[in-house]
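As given, the protein sequences belong to chains A and B, one line each in that order.
In terms of my numbering, the first sequence has 42 at position 42, counting the first letter as 1, and numbering is strictly consecutive.
Positions in the second sequence are counted from 1; adding 111 to them yields my numbering.
Hints are not guaranteed to be accurate.
[What the hints assert, rightly or not] Under 8 Å between C-beta atoms, here's a sample of chain A residues computed to sit facing chain B: (1) HIS45; (2) PHE88; (3) GLY104.
[Unchecked claim] Below, computed lysine-lysine pairings styled on DSS-like, alpha-carbon distance capped at 27 Å: (4) B/LYS152 with A/LYS26; (5) B/LYS152 with A/LYS70; (6) A/LYS103 with B/LYS152; (7) A/LYS103 with B/LYS177; (8) A/LYS103 with A/LYS56; (9) A/LYS103 with B/LYS175.
If you are wondering where the hints come from, they were derived from the structure by calculation, not from laboratory data.
Backbone N, C-alpha and C fix where the C-beta goes; we use that ideal spot for every residue, glycine too.
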Amino acid sequence: SQQGEEDPQALSIQEGENATMNCSYKTSINNLQWYRQNSGRGLVHLILIRSNEREKHSGRLRVTLDTSKKSSSLLITASRAADTASYFCATVFYGNNRLAFGKGNQVVVIP
Amino acid sequence: GAVVSQHPSRVICKSGTSVKIECRSLDFQATTMFWYRQFPKQSLMLMATSNEGSKATYEQGVEKDKFLINHASLTLSTLTVTSAHPEDSSFYICSALLSGRWETQYFGPGTRLLVL
Chain A
1 SQQGEEDPQA LSIQEGENAT MNCSYKTSIN NLQWYRQNSG RGLVHLILIR SNEREKHSGR
61 LRVTLDTSKK SSSLLITASR AADTASYFCA TVFYGNNRLA FGKGNQVVVI P
Chain B
112 GAVVSQHPSR VICKSGTSVK IECRSLDFQA TTMFWYRQFP KQSLMLMATS NEGSKATYEQ
172 GVEKDKFLIN HASLTLSTLT VTSAHPEDSS FYICSALLSG RWETQYFGPG TRLLVL
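With the rest of the complex left out, here is chain A:
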């Protein structure tokens, strides 16, 4: 069943602006991961945040995790045209290594 579920959104922003997208899930997780997918391509792993972590940074990416609300957010700061892609969150439950993907967010960064 789908666990990582973000509101399927289409964000259109100007280059240089920040982009924020959210993800919610239903059951306890071991970790939550964010991936990027360019049109017609495979997935690129962006960042992993464990259930005992609250915030993580990687370059222009900032991920937060709120286990009490079962939600996560991905912030891309100072967006670039090359950030145009679909972004998916995926959750991993305790005891297995399978990923449950959310619906995805389409982000378009206008130069």
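Dock chain B against chain A, hints included.
This is chain B only, laid out in the frame that chain A set:
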């Protein structure tokens, strides 16, 4: 490192034929690989977990006789779509787990299947 390839990248076939898709881990060994299907503008749906040397574990609703998975070596898993029909047209993506590291899956570039 941790590169996963898929072949072919796209395939067009007639209804009723079978299509084989290969997933290879190029620079690492992968005891576990996963197969996903993605319809246009939708998310990835896990089809099955492929373990080297054993039978694949299929997700609920996925026909194991329709989607044959073979994981004969630590670097290769194949997905065969048997008697393909237009509704099987989709984007098929594999991923691989680095042996001994279970948290991060490395994804292949995907295979676009179009069944006429």
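Here is how each hint holds up against the structure:
For A/HIS45, the interface hint holds, since its Cβ comes within 8 Å of a Cβ in chain B; the closest pair sits about 6 Å apart. Against a cut-off of 8 Å between C-beta atoms, the interface hint on A/PHE88 holds, since the closest Cβ of chain B lies about 6 Å away. At about 5 Å, the closest approach between the beta carbon of A/GLY104 and any beta carbon in chain B falls short of 8 Å, and the interface hint on this residue holds. A C-alpha spacing of about 23 Å is found between B/LYS152 and A/LYS26, which places the hinted pair at or below 27 Å, so the restraint holds.
Between B/LYS152 and A/LYS70 the alpha-carbon distance is near 25 Å, which keeps this suggested pair within the 27 Å criterion. Note on A/LYS103 and B/LYS152: the hinted pairing holds, with a Cα-Cα distance of about 9 Å set against a maximum of 27 Å. Under the criterion of a C-alpha separation no larger than 27 Å, the hint pairing A/LYS103 with B/LYS177 is consistent with the structure, at around 25 Å. The straight-line distance between the Cα atoms of A/LYS103 and A/LYS56 is roughly 22 Å, inside the 27 Å bound, and the hint therefore holds.
Annotation: proposed proximity of A/LYS103 to B/LYS175 holds, straight-line Cα distance about 25 Å (limit 27 Å).
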